[in-house]
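Asks: One letter stands for each residue in the lines below.
Protein chains: 2
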Amino acid sequence: MVEKEISQAVIARLPRYFRYLGELKDEGVERISSQELSRIMNVTASQIRQDFNNFGGFGQQGYGYNVEFLYTEIGKILGIDKTHQLIIVGAGNLGQALANYMNFERRGFIITGIFDINPELYGKTIRGIQVRPMEEMKDFIKENNVDIAVLTIPKSAALTVSCQLVEVGIKAIWNFAHVDLQVPPQVQVENVHLSDSLMRLSYMINRFESGKK
Amino acid sequence: MVEKEISQAVIARLPRYFRYLGELKDEGVERISSQELSRIMNVTASQIRQDFNNFGGFGQQGYGYNVEFLYTEIGKILGIDKTHQLIIVGAGNLGQALANYMNFERRGFIITGIFDINPELYGKTIRGIQVRPMEEMKDFIKENNVDIAVLTIPKSAALTVSCQLVEVGIKAIWNFAHVDLQVPPQVQVENVHLSDSLMRLSYMINRFESGKK
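Chains A and B are the protein sequences, given in the same order. First residue of the first sequence? That's 248 in the working numbering, and the numbers climb one at a time after it. First residue of the second sequence? That's 248 in the working numbering, and the numbers climb one at a time after it.
If we strip away everything but chain A, and leave its shape as in the complex, we get (with noise of 0.2 Å):
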């Protein structure tokens, strides 16, 4: 099937999606309306409908929606079918949370080595991964077909960092630095900026604040 382009929006909903259906799953829930998805999720059933059109429909609507097929379906569409290789280049506090935390692998993103620059970091593992030199990335990059870097390194590194990834062929870059890449069209990124985000919840308390008076 040739998908159609899909809007951005339609894509930022897909892991939500996936997530509910996934606690509907471990919950046993064989079939679910679009009534009742939409009752949990708190969006319209008419968008959950457009949404998944977008992709053939998933189904009689009449029964609601097999949530187990459903279920492995936008797992495909999101790609999490397949197993991604993952590399942490910085492993300051937040490389070394992001290495902490088990729920990626359940997805199916292993991370398969972390890059510091600090020569005191060499050696030291962290859930068994071991903290290598930078001078190594490339190779190791190579060697085991890493399709994912996740940048947790200062902004001043970062562009340095991503102009090596993109030589030695990186798929994607998952960037925590405060800085937006550049990237030629084959190297998908996505941006955590963690500043911003704060921002902008300080602007949401600031307009609510404002509206109050």
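If you are wondering where the hints come from, they were derived from the structure by calculation, not from laboratory data. Some hints here could point you the wrong way.
Any copy will do: because identical chains look the same in the list, a pair fits if it lies in one copy or spans two.
Derived pair list, reagent style DSS-like, types lysine-lysine, alpha-carbon separation capped at 27 Å [claimed, not checked]:
id	residue 1	residue 2
1	Lys323	Lys402
2	Lys272	Lys402
3	Lys389	Lys323
4	Lys385	Lys323
5	Lys272	Lys385
6	Lys385	Lys371
7	Lys329	Lys402
Since the structure of chain A is provided, determine the placement of chain B on it from the hints.
Replies: Only chain B this time, still in chain A's reference frame:
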């Protein structure tokens, strides 16, 4: 000035403007045209002008924008001309990583307390901030005018804790727990669902590879 309702998309872009303007300010740039800003930020000049028009336009476009003024004004809109008191709920890896992140303080987000249910962590300090028992959280919030709670706890605990936070009058929750919180409209919530973000990245890889075949 009574602001009209600003779209979510504009709000999402404000922190990015603020970040670029801060860098220009640090480099000593005094004025910038929407064309120059457009080039470095990789958005259209007309997008920039439209976004700024939501807030009255920020000065003459012929001369370009005054960087310092624009930075300050966007900072005010984002509410970061004021100081915010934060607590971190959950002193695990991610909570500790956030507690160690100095840049939030530069923006006026002051971490005043860290809470956990694990007695082994009580009394431990992270960057001088003591880890306290969860039972003390509600009183601490009231006594220290805490306005933002950062939730870095498992999703099984997040709903209970969010109820306690709402009860004690928290203004905002920065939610890293992988669950959607149900809170009344006076409580602002910003979610950072890391697994969702990683799945979007996986989707982008998958879509790119399907396109190649």
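Asks: Run every hint past the structure and note whether it holds.
Replies: How the hints compare with the structure:
1. Lys323 x Lys402: Answer is between; shortest inter-copy Cα gap is 25 Å, intra-copy 33 Å.
2. Lys272 x Lys402: between (41 Å within a copy, 17 Å between copies)
3. Lys389 x Lys323: Answer is within: at 26 Å inside a copy they meet the 27 Å cutoff, but 47 Å across does not.
4. Lys385 x Lys323: neither (29 Å within a copy, 43 Å between copies)
5. Lys272 x Lys385: neither (40 Å within a copy, 35 Å between copies)
6. Lys385 x Lys371: Within one copy only: 20 Å inside a chain, 38 Å across chains, cut-off 27 Å.
7. Lys329 x Lys402: between (31 Å within a copy, 25 Å between copies)
In this structure, the hints that do not hold are numbers 4, 5, in rising order.
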